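Build out the structure end to end from the sequences listed, making use of the hints.
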Amino acid sequence: MKKLAILFLGAVLVMSFVGMGYAAKYVGSEACFKCHPEQYNDFRVSGHPFKLSKAEDAMKRQLPLPPGYSWDDISYVIGGAYKKSRYIDKNGYIITAAKDGSDLKTQYNLETGTWSYYHKGQKKPYTCGKCHTTGFSENGHQDGMEGMKGTWAFPGIQCEACHGPGGDHVKSGDKSAIKVDRSSAACGKCHIRGSKDKIPAKGGYIRHHEQYNELLASPHKSLNCVTCHNPHKKYKFSIKTECSTCHTAQAKAFKGSTMEVVGVKCVDCHMARATKSAVAYGKFSGDIRTHLYKINTDASASMFYKEGKKTFAKGFITVDFACLNCHKNKDRDWASRMAKGVHTRGK
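If you're matching positions, the sequence shown starts at 704 in my numbering and goes up one per residue.
It is possible that part of the hints are untrue.
Under the rule of at most 27 Å between Cα atoms (straight-line distance), these lysine-lysine pairs were calculated in the DSS-like manner [said to hold, decoys possible]: (1) Lys-924 - Lys-939; (2) Lys-757 - Lys-786; (3) Lys-924 - Lys-757; (4) Lys-1012 - Lys-986; (5) Lys-1050 - Lys-986; (6) Lys-892 - Lys-979; (7) Lys-757 - Lys-802; (8) Lys-986 - Lys-892; (9) Lys-901 - Lys-1013.
Simulated DEER-style distance windows between Cβ atoms [claimed, not checked]: (10) Glu-841 - Asn-1032: 48 to 54 Å; (11) Asp-1001 - Pro-770: 45 to 51 Å; (12) Lys-1009 - Glu-841: 30 to 36 Å; (13) Lys-936 - Ser-819: 24 to 30 Å; (14) Cys-834 - Glu-733: 17 to 23 Å; (15) Gln-825 - Lys-943: 38 to 44 Å; (16) Gly-847 - Lys-874: 29 to 35 Å; (17) Gly-816 - Cys-949: 24 to 30 Å; (18) Pro-770 - His-950: 47 to 53 Å.
No lab work stands behind these hints: they were computed from the structure. Every value quoted in this text rests on a predicted model; they were computed, and no experiment measured them. C-beta: ideal position from N, C-alpha, C; glycine also.
Put into structure tokens, the structure is as follows:
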């Protein structure tokens, strides 16, 4: 009986040890390069891995710093690839004022070379690790910094942020040991703001990182992001399916029209820049394309609505964004008239 008890206890310990030993570990994106060089090279120049960078890596990109700061004062940089960069101090707080405490702008906008305020003068802890990092845990403070909420295996959105820990896959090559989720919900874990049934807006634009909110409110809600995008590539080169692939009748009708002849593309109107991340280029032109697609051609239509103090967008864009961002000397009535039948006008 005693021998049986010892054998049973030993079996439990072995099973526990084996279970712990086979827990997949995060190994880093470089481990993916050997077998997936094409995807790795595309990914390395996309915006994803730059979402959060250590200061020693970010400084190689020669980013300007907030007033009064040196790289010795910076622990991490948020972004800094294509749109904007924000800076985190050595205590883990996002910098919102000049080093001397004066009221100066601290967010750098790469596309325009300008600076903007970001939560001006507030004490702003870094709480974005869930979507900005890989292998995130809500427990603890990264690098022991008070303002850092949570810890992670690697900064930035690395391969394993989407594919899961790759330790077992790298060792065995077993395809079942890595996650491949092509659903829009996979992207929607981070490309979302608030609840998925509303589209938050502010200052006359849809707010950024809510493509999933928009997609679900659009006529294309049944599609997956990867239907049109290669997620490994930089956003400007990520399109793998053109609108004409599915919308053949509309593409045929548009061919030879006045708009097509002068170079207007489907996305110029149906994916107008109704969203703002860093800067606005005009009253009806933000810096990110919407994923709402549907255009309401009614001149009196309102794209936004209020719920208390909050503003939200409806499931369409209006002629302001679809037309007047280019036709700046025209009005909504003109745009409404011109939008009807625009696909075939001039033929």
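Evaluation of the provided hints:
Note on Lys-924 and Lys-939: the hinted pairing holds, with a Cα-Cα distance of about 22 Å set against a maximum of 27 Å. Among the hinted pairs, Lys-757 with Lys-786 is consistent with the structure: their alpha-carbon atoms are about 18 Å apart, no more than 27 Å. Restraint check for Lys-924 and Lys-757: the C-alpha separation of about 37 Å exceeds 27 Å, so the hint is violated. For the proposed pair Lys-1012 and Lys-986, the alpha carbon gap of about 22 Å is at most 27 Å, so the pair holds.
Distance hint between Lys-1050 and Lys-986 is unfulfilled; the C-alpha atoms sit about 31 Å from each other, more than 27 Å. A hinted pair counts as satisfied when its Cα atoms are at most 27 Å apart, and Lys-892 with Lys-979 qualifies at roughly 20 Å. Pair hint Lys-757 plus Lys-802 holds up; C-alpha atoms about 20 Å apart against a cutoff of 27 Å. A threshold of 27 Å between alpha carbons decides the hint, and for Lys-986 with Lys-892 the separation of about 30 Å lies outside it, so the pair is violated.
For the given pair, Lys-901 sits about 11 Å from Lys-1013 by alpha-carbon distance, which is consistent with the 27 Å threshold. Taken as a hint, the range 48 to 54 Å holds for the pair Glu-841 and Asn-1032, whose Cβ atoms sit roughly 52 Å apart. Range check, Asp-1001 to Pro-770: about 47 Å between beta-carbon atoms, so the 45 to 51 Å window is met. About 33 Å separates the C-beta atoms of Lys-1009 and Glu-841, a value consistent with the hinted range of 30 to 36 Å.
As the Cβ distance of Lys-936 to Ser-819 is approximately 28 Å, the hint placing it in 24 to 30 Å holds. Separated by about 22 Å at the C-beta atoms, Cys-834 and Glu-733 satisfy the suggested range of 17 to 23 Å. The hint said 38 to 44 Å for the Cβ distance between Gln-825 and Lys-943, and at roughly 41 Å that hint holds. For Gly-847 paired with Lys-874, a C-beta distance near 31 Å keeps the hint of 29 to 35 Å intact.
For the pair Gly-816 and Cys-949, the supplied restraint of 24 to 30 Å is violated, since their beta-carbon distance comes to about 38 Å. At about 49 Å, the beta-carbon gap between Pro-770 and His-950 stays in the expected band of 47 to 53 Å.
In summary, the structure is inconsistent with hints 3, 5, 8 and 17 from the numbered list given earlier, while agreeing with the others.
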